[in-house]
Amino acid sequence: MTNTSSDALPINVRNVTKTYGDVYALDDVSLDVQSGEFLTLLGPSGSGKTTLLMVLAGFTRPDKGSLKFGEDEVIRKPPHLRDVGMVFQNYALFPHMTVAGNVGYPLRLRKVPKPEAADRIERALETVQLGGYGDRRIDQLSGGQKQRVALARAIVFEPRILLMDEPLSALDKKLRDRMQIELRHLHEQLGMTTVYVTHDQREALTMSDRIAVVNHGRIMQLATPQGLYDQPENKFVADFIGESAFIPVTRDGDTLRAAGVDVTVSCSIPEATAMSLMIRPERLHLVSGDAKDQNIFDAMVSEIVYQGDSFLLYANLRDGTEIAMRGALRADTFAGLPKIGDAVKLGVDHKDTVVIADGDA
Amino acid sequence: MAATDINTGLNAAGLRTDERMERLKLFGLASPALLLVLVILVIPVGWLFYVSFIGADGSFSMENYERMIKRKSYARIFQTTFEISLLTTGLCILIGYPLAYFMSQLPNKWANLCLITVLLPFWTSLLVRTYAWLVLLQKKGLVNDWGISLGLWEEPIKIVHNMNGTLIGMVHIMLPFLILPVYGAMRAIDRDYLKAASNLGASPARAFWTVFFPLSTPGLFAGSLMVFVLCLGFFVTPAVLGGGKVIMVSMKIVSNIELFVNWGAASALGVVLLVLTVIVLWIASRFLKLEQMTGGGH
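Protein sequence lines, in the order shown, are assigned to chains A and B. So in this note's numbering, spot 233 of the first sequence is number 461, and the numbers just go up one at a time. So in this note's numbering, spot 259 of the second sequence is number 303, and the numbers just go up one at a time.
Here chain B stands alone, though its shape is the one from the complex:
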């Protein structure tokens, strides 16, 4: 028990008012952003849910969802989407983790230079980068030309308008999303930890696997999750480089609207994708704290 009542006494009322005013001002500063979130996120998503339950005749129905269950093609689309997302994430880890490690070991000046080169693609339009890959990978493209002239293969190989092209493009575009959090986590690892491991008898490889790698996993989880979730809803790159052979959920949504003008079906797909994404995030959040996504580290 408090010795005295804190609600009365010298300046108590005034101090309480100051506290309230400060909170109010803070809320005032956030209100434009909160309003924006309400207008461009909450209302449209609510509308999306609503539309997905409207049938072709304009009445409330479950037909949009029933169609998804009945038709095999939808299951295949979701399967493709998850497959591509998983493969892209896996390839990003294989390429990005060693690169992030290399960068984390460089002196500050060089590390920053590398970071800029990693971020450089962000400053170019996604569309431009995707079409650039199309130019490079096509039958008479640079990659095939060089491959043949170097004698690596004889006939032009199909590396675009299929799964390969989609993966190459997506990995390239997603890589920075993996590298940044991993690099951040690695930079935060005190070098004395590795010295300590080495002093206690760990060879460099042993020190890496027992100390460095475990300490970098929060960044790796965060980066992988970010890449995976972004891949689930990706449109431009698979649409251009997949050549219509690789159909992901986002592309089906587009065709539902552009070809069939069926907003209900498109909305239902959007809802399912949203729900699946939320489930993935929810499962992931049980394994890592979501604040680590923002680079909090330990």
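Okay, chain A solo, but in the shape it has when bound:
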């Protein structure tokens, strides 16, 4: 039998490389997942995030590298001996078995006595709020229920590591939002080390302890959701996570100029020749006069869009850069906003003004 999930295992990935012909699916990736952590691999499709997950599960054999679960080197261990739970993108529930048959499958393989197995199956189903569903056939379940059964099957044998491959991508948005919170609670309850793959940045920001942003087979940044959003280390991460406008910055000693304005920043300035100011739409405000602690840009409104909960205002700065600004809306505020062609002043707090080096690396 496996240990209980209370002693979750850390994962240690070292120099893992996987090539397909000339393409590097994984390019010398090293990553530490702490025990009990919820870590998300986030990246566009083809970035290598799924390949990395498949290496962890043992379905993809890398060209080189080391993979440790706790102290054990497992890189050459076949998947069925790795003892990790996995939730597949399309659930991969066995259609010729009932719900209980599916959830009980790993227990049968581990020769758990029948009464105990029945008990554990029911408990796992209750954990995913499907108590009493054991006799259902798989094709009688809705997408959300299949997702829960797949999860129950992955946790019933109490693996110390849980892998999830875009498990929510097939669900509609409302259900997805609810499942995100539920999975998060479940993780807190079970405490197993979890590696979660998604291309949905909001999902990643909602659920993760830490996020590894993956692109071109490399980890671009590994940070907490807030760290990733507020202090992206490079342009790729800044661009991929959230919306942002980039304004070219010139440096003269300690003075930074962007769009003809001297700007003050509170973050550290990267050692690079070319850099940009990153400004998130929701961190910009419309300001009337001078405001303390803000960098203020003169701009001309080019478009204004009503979006229900908020409005989006596009404006051109004096150097021609287009910048977007998002503001909250109440029933009577939209009519009072500037019109296309109006000159406006857009302000951003010094502490929300981030300078990052250009280039992807």
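These are computed hints drawn from the structure, not numbers from a lab. Some hints could be false.
As the list claims (entries may be wrong) - Capping the alpha-carbon separation at 25 Å, the derived lysine-lysine pairs in PhoX-like fashion look like this:
(1) 305/A x 239/B
(2) 289/B x 184/B
(3) 573/A x 520/A
(4) 374/A x 183/B
(5) 292/A x 305/A
(6) 153/B x 183/B
(7) 292/A x 239/B
(8) 520/A x 579/A
(9) 239/B x 153/B
(10) 305/A x 339/A
(11) 239/B x 116/B
(12) 202/B x 184/B
(13) 239/B x 339/A
(14) 239/B x 296/A
(15) 402/A x 374/A
These numbers come from a predicted model, not from an experiment.
Take the given structure of chain A and dock chain B to it, following the hints.
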């Protein structure tokens, strides 16, 4: 209850006419085929039933059926027919299932190439293939020559004009009918199922028997049933390779007509074979849905 009457109101009559016309057109498209089925299937089979109840003197009688019950040789013929059909089906499963499995695991390009080689015999005449086996298997044939020159056996062995030859020929001819549905069912099995099984702790052999094999059984049932039913009425191959020693129902029908010119007796045999085949299909249909025969899978 509907809130309003759907049969009256805006354009209701016109829309109903459109619906009817569409159905009529669909039926019109199918009518040539339906007519063909009527002419070449329903009428002849009806005629077959009728003739089987006509005695030697031209009057209505049960003598054709009575003869079948009285004479022991008929029981033996039916027994042989079922035995050969079962053995052929069994051998086809033993040879065809692993081959279909192998093909299903190949990349698309290679799988298609294999599929073509499996289908290739279909493009050659059944008669040609059967006589080719006769040439290969006869006393001075290629198989005996090689067997002896390699020292595998000393005297020429009898592998044709008997049960062995019949089985070899029939298995060869029936194999594609088994492989195609099995291969189709296997291709439809999502590879993630096997990954999931493996992830949950199943060794490759365990994953195969607990997940892959059960999911391939609809195709296996369909293929086996097809082979078995086709074997029941098979004529050319057992007639040529059996050398007159292996008598199946179809061969008795032929001899009844060619030797004894007894259409009544031949028809009665045909009716019994047809009824037995229908019974086999009916029993099978209780275990699997017949639409799976056409490759529907799950």
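Verification of the hints:
| no. | hint | result |
| --- | --- | --- |
| 1 | 305/A x 239/B | holds, 15 Å |
| 2 | 289/B x 184/B | holds, 20 Å |
| 3 | 573/A x 520/A | holds, 14 Å |
| 4 | 374/A x 183/B | violated, 63 Å |
| 5 | 292/A x 305/A | holds, 14 Å |
| 6 | 153/B x 183/B | violated, 41 Å |
| 7 | 292/A x 239/B | holds, 22 Å |
| 8 | 520/A x 579/A | holds, 12 Å |
| 9 | 239/B x 153/B | holds, 23 Å |
| 10 | 305/A x 339/A | holds, 21 Å |
| 11 | 239/B x 116/B | violated, 56 Å |
| 12 | 202/B x 184/B | holds, 10 Å |
| 13 | 239/B x 339/A | holds, 20 Å |
| 14 | 239/B x 296/A | holds, 21 Å |
| 15 | 402/A x 374/A | holds, 16 Å |
Going down the numbered hints, you'll see the structure goes against 4, 6, 11, while the others check out.
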